[in-house]
Amino acid sequence: MTRSKLLGLLSFWLLMVGTGVQAQQWSPKEAPLMTKFAKDVDPDNVLPEYPRPQMVRNEWMNLNGLWQYQPGTWENEPYPKGKLSSQILVPFAVESALSGVMESHERIWYRREFEIPNNWNGQRIHLNFGAVDYICEVFINDKSVGKHQGGYDPFSFDITDFLTKGKQTITVKVYDPTVKEGYPRGKQTLNPEGIMYTSVTGIWQTVWLEPVSELHIDQFKMEPDIDQSELNLTVLTKRGEKLSYTAEVRDGNKLIAKVEQENMAPTAIKIPNQKLWSPDSPFLYEMTITLKDGDKVVDQVDTYFGMRKISVEQEGDKQRIYLNNEFTFQMGPLDQGYWPDGLYTAPTDEALKYDLEITKKLGFNMTRKHIKVEPQRWYYWADKLGLMVWQDMPSPNSYTHGAPEPNKKAFTKELISMVETHWNSPSIVMWVVFNESQAQHDTKEYVSMVKGLDPSRLVNEASGGGDRGTGDVLDWHSYPPPVSPQSYFRATACGEYGGIGYQLADHIWNPDDLMQYVAVKDEEEYMKMYTDFTKMLTEFKTNQGLSAAVYTEITDVEIELNGIMTYDRILKVAPEKVAHANQQLINENLFIYTLVPTAETENIFWSYTTDQPAQDWMKVDFNAASWKKGKAGFGSKGTPGAKNGTAWNTDNIWLRRTFELGDISKITEDNLRLRVHHDDECVVYINGVEAAVLDGFTTGYVNVGLSKAAKKALRSNGQNVIAIHCKQNIGGQYIDAGLSISTGAKPISKGVLDKAKGN
Numbered sequence: 001m002t003r004s005k006l007l008g009l010l011s012f013w014l015l016m017v018g019t020g021v022q023a024q025q026w027s028p029k030e031a032p033l034m035t036k037f038a039k040d041v042d043p044d045n046v047l048p049e050y051p052r053p054q055m056v057r058n059e060w061m062n063l064n065g066l067w068q069y070q071p072g073t074w075e076n077e078p079y080p081k082g083k084l085s086s087q088i089l090v091p092f093a094v095e096s097a098l099s100g101v102m103e104s105h106e107r108i109w110y111r112r113e114f115e116i117p118n119n120w121n122g123q124r125i126h127l128n129f130g131a132v133d134y135i136c137e138v139f140i141n142d143k144s145v146g147k148h149q150g151g152y153d154p155f156s157f158d159i160t161d162f163l164t165k166g167k168q169t170i171t172v173k174v175y176d177p178t179v180k181e182g183y184p185r186g187k188q189t190l191n192p193e194g195i196m197y198t199s200v201t202g203i204w205q206t207v208w209l210e211p212v213s214e215l216h217i218d219q220f221k222m223e224p225d226i227d228q229s230e231l232n233l234t235v236l237t238k239r240g241e242k243l244s245y246t247a248e249v250r251d252g253n254k255l256i257a258k259v260e261q262e263n264m265a266p267t268a269i270k271i272p273n274q275k276l277w278s279p280d281s282p283f284l285y286e287m288t289i290t291l292k293d294g295d296k297v298v299d300q301v302d303t304y305f306g307m308r309k310i311s312v313e314q315e316g317d318k319q320r321i322y323l324n325n326e327f328t329f330q331m332g333p334l335d336q337g338y339w340p341d342g343l344y345t346a347p348t349d350e351a352l353k354y355d356l357e358i359t360k361k362l363g364f365n366m367t368r369k370h371i372k373v374e375p376q377r378w379y380y381w382a383d384k385l386g387l388m389v390w391q392d393m394p395s396p397n398s399y400t401h402g403a404p405e406p407n408k409k410a411f412t413k414e415l416i417s418m419v420e421t422h423w424n425s426p427s428i429v430m431w432v433v434f435n436e437s438q439a440q441h442d443t444k445e446y447v448s449m450v451k452g453l454d455p456s457r458l459v460n461e462a463s464g465g466g467d468r469g470t471g472d473v474l475d476w477h478s479y480p481p482p483v484s485p486q487s488y489f490r491a492t493a494c495g496e497y498g499g500i501g502y503q504l505a506d507h508i509w510n511p512d513d514l515m516q517y518v519a520v521k522d523e524e525e526y527m528k529m530y531t532d533f534t535k536m537l538t539e540f541k542t543n544q545g546l547s548a549a550v551y552t553e554i555t556d557v558e559i560e561l562n563g564i565m566t567y568d569r570i571l572k573v574a575p576e577k578v579a580h581a582n583q584q585l586i587n588e589n590l591f592i593y594t595l596v597p598t599a600e601t602e603n604i605f606w607s608y609t610t611d612q613p614a615q616d617w618m619k620v621d622f623n624a625a626s627w628k629k630g631k632a633g634f635g636s637k638g639t640p641g642a643k644n645g646t647a648w649n650t651d652n653i654w655l656r657r658t659f660e661l662g663d664i665s666k667i668t669e670d671n672l673r674l675r676v677h678h679d680d681e682c683v684v685y686i687n688g689v690e691a692a693v694l695d696g697f698t699t700g701y702v703n704v705g706l707s708k709a710a711k712k713a714l715r716s717n718g719q720n721v722i723a724i725h726c727k728q729n730i731g732g733q734y735i736d737a738g739l740s741i742s743t744g745a746k747p748i749s750k751g752v753l754d755k756a757k758g759n
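In this text, residue positions in the sequence shown follow the numbering used here: the first is 1, and each later residue adds one.
Please note that the accuracy of each hint is not assured.
Lysine-lysine pairs mimicking DSS-like chemistry, simulated, CA-CA at most 27 Å apart [said to hold, decoys possible]: (1) K258 to K296; (2) K258 to K275; (3) K708 to K619.
Derived DEER-like restraints, expressed as beta-carbon distance ranges [what the hints assert, rightly or not]: (4) S144 to Q219: 53 to 63 Å; (5) D616 to S437: 44 to 54 Å; (6) D161 to G469: 47 to 57 Å; (7) K83 to D42: 20 to 30 Å; (8) D158 to F283: 32 to 42 Å; (9) K242 to K83: 47 to 57 Å; (10) D158 to D42: 24 to 34 Å; (11) T234 to D158: 14 to 24 Å; (12) D293 to S156: 14 to 24 Å; (13) P48 to K361: 22 to 32 Å; (14) K242 to G194: 53 to 63 Å; (15) G758 to L514: 47 to 57 Å; (16) S281 to D42: 17 to 27 Å.
For the record, the hints were derived by calculation from the structure and aren't laboratory data.
Each residue gets a CB set at the ideal place from its N, CA and C atoms; glycine is no exception.
Based on the provided sequences and hints, a complete structural model is requested.
Listed below in structure tokens is the structure:
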């Protein structure tokens with residue numbers, strides 16, 4: 001054996017002694033899929049990066065690594081003495097492959113030993129947890145130091161008075177009810193299926209120690225004001241109102257501002273020649289805050305901030321989301337933050353960063369963190385790389401039938417904690433309180449509460465959920481094509497759409513159980529559908545005032561196969577193709593004008609029948625005198641995006657309508673579109689010629705291409721006939737149609753449009 005190998009084995013043995021897991025080896029379990037990052041997990045050096053990038057102190061000790069572990073039994077079981085029965089790699093949840101356990105337990109125990117460095121003597125020792133799911137009690141040297149409830153909150157205990165000489169023992173008792181008691185849990189379930197995933201129990205973020213003075217900084221809030229070129233700073237301590245603090249702001253190595261504030265009063269720091277933070281230029285200032293007791297420095301932390309503003313501003317009769325006083329269309333993926341090997345916990349910091357790097361590479365400028373709260377380093381990378389973030393509050397009972405009522409006290413506490421923990425991150429531009437009506441309650445009260453806590457960001461009351469008319473954004477979901485809600489007093493967003501399912505062999509979690517909204521066979525078909533959707537969104541942005549859209553989703557998750565990447569982080573399509581479509585959406589316009597109106601804007605009447613008509617029913621000279629007359633649109637109550645005028649509840653409906661066109665000679669055939677809302681499949685004819693065959697359904701009005709023959713069949717300065725057969729298959733039902741003109745990035749002149757309409 002070489003000398004280096006001998007020293008390596010000795011170091012590993014000493015680590016095991018330090019953790020109380022003597023001479024045992026760790027190896028990960030094998031999940032159905034593993035990422036390339038799993039091989040980089042080192043039990044001697046697990047997630048070694050400082051876990052709190054916006055409040056950094058120099059001295060700290062990482063307690064990640066191998067811990068003793070054993071399952072718990074019941075609520076009041078005796079405290080286990082001595083060594084626990086097995087081992088686990090912290091901070092990976094017990095259900096994960098990287099924990100080395102990959103088992104599901106409602107109750108678990110953790111234990112390890114550590115020693116306090118001698119140079120920490122005379123200071124208060126804080127034990128910090130990034131997050132533990134869900135209820136835990138912490139013991140130092142077999143004595144309880146406190147309890148915590150909440151699966152996404154960071155928390156700390158001052159353990160100084162519980163320490164002894166020499167080695168110390170930390171024990172953590174965990175209880176995770178998951179689906180039982182109405183606590184916030186996001187997409188976790190005990191029986192994974194569809195869009196619900198494997199549960200996460202216990203420690204899942206970094207555990208660490210930190211020495212602080214008895215008088216120290218507990219929290220601070222940084223709120224940029226770009227209109228005044230100021231950073232508003234508030235520094236908080238638990239004691240010492242008579243203390244003072246100094247804040248020094250740097251641009252790289254250059255000191256650009258310094259303030260000294262007495263009696264802990266808030267201050268506004270002038271930022272000369274401010275550089276604004278944006279996805280295109282994510283500039284971050286660095287700042288050091290020094291706490292003083294008289295002339296004595298008692299604490300010092302390093303942080304960073306970005307100067308940026310997010311707001312809703314009026315443009316004409318629409319409200320738009322502005323970034324730094326300019327309209328910026330926000331386009332991002334749904335990001336659920338699950339890993340096949342680590343579940344809630346990315347294998348490494350590089351892995352955590354990777355998803356955000358790929359999001360940028362795909363041409364997105366935003367991401368929606370979906371009903372999960374990440375470790376603080378995730379937001380650091382979003383800040384640094386330049387991605388706007390919509391931050392969801394984790395749901396208490398996501399899509400679970402028979403779930404208990406939401407625990408309102410827990411929901412309120414954890415919502416407040418989410419906002420206060422992350423309100424300094426420049427990347428976060430919106431708080432999303434509820435998702436798709438999941439356990440939605442007291443909506444107006446929560447929106448007011450969040451606005452009161454953080455007036456500098458937007459609040460989305462319920463993405464895709466029950467609209468209570470509050471908050472800054474009206475947000476609808478639609479699958480697979482996007483939709484554009486309409487509002488005169490809120491900005492509008494399509495908070496979820498897409499879900500294009502494209503499978504890569506050997507990168508599927510469970511080949512026998514697949515979930516996707518719509519399936520495609522290859523990259524070409526995928527990109528055609530993806531690009532069609534971004535063009536629709538560009539039209540919505542240009543003509544209807546849409547401010548944002550969220551594509552489902554950045555990765556597959558377990559059996560849900562809607563990702564641009566597989567669950568093990570393999571790109572399914574060329575990223576430059578997706579980036580091109582996204583950047584066109586963000587930066588370009590597609591103007592659409594009404595040529596033949598629909599029920600969206602006018603009272604339109606059609607002839608219709610629900611009985612099978614004669615074969616020539618779509619012809620121009622067909623006599624439909626026996627058909628009924630009805631106001632558009634035709635459908636059932638509750639169908640998304642419908643403008644119901646006439647009830648339709650049979651399997652089939654046939655419609656005819658005549659319309660006049662003016663001079664369309666200046667309108668090229670390539671500019672003509674069918675504007676239609678169909679649920680489900682339909683065939684459309686113009687002057688007896690097949691114009692479009694449409695499968696599936698839409699959840700709003702969309703503009704689709706017409707056949708060349710139908711375009712040629714249109715009669716300028718004359719009467720025309722549009723005829724439709726629509727078939728009901730499942731769910732809602734609706735049909736309405738008209739014609740529109742698409743002129744691309746250039747608007748059409750009013751004179752040409754008026755002539756085409758015959759005005």
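To see whether the hints hold, each was checked on the structure:
1. K258 to K296: Given pair K258, K296 holds - Cα atoms ~18 Å apart, limit 27 Å.
2. K258 to K275: holds (17 Å)
3. K708 to K619: holds (18 Å)
4. S144 to Q219: 53 to 63 Å: The hint (53 to 63 Å, Cβ to Cβ) is violated, given that S144 and Q219 are roughly 25 Å apart.
5. D616 to S437: 44 to 54 Å: holds (47 Å)
6. D161 to G469: 47 to 57 Å: About 52 Å separates the Cβ atoms of D161 and G469, which means 47 to 57 Å holds.
7. K83 to D42: 20 to 30 Å: Hint holds: Cβ distance 24 Å, inside 20 to 30 Å.
8. D158 to F283: 32 to 42 Å: With Cβ atoms ~37 Å apart, the hint holds.
9. K242 to K83: 47 to 57 Å: This hint holds: roughly 49 Å between Cβ atoms.
10. D158 to D42: 24 to 34 Å: Holds - the Cβ-Cβ distance for D158 and D42, about 31 Å, lies within 24 to 34 Å.
11. T234 to D158: 14 to 24 Å: holds (23 Å)
12. D293 to S156: 14 to 24 Å: Given about 22 Å between the Cβ atoms, the range holds.
13. P48 to K361: 22 to 32 Å: holds (26 Å)
14. K242 to G194: 53 to 63 Å: Holds, at about 58 Å.
15. G758 to L514: 47 to 57 Å: Given range 47 to 57 Å: holds, Cβ gap about 52 Å.
16. S281 to D42: 17 to 27 Å: violated (35 Å)
Checked against the numbered hints listed earlier, the structure breaks hints 4, 16; every other hint is satisfied.
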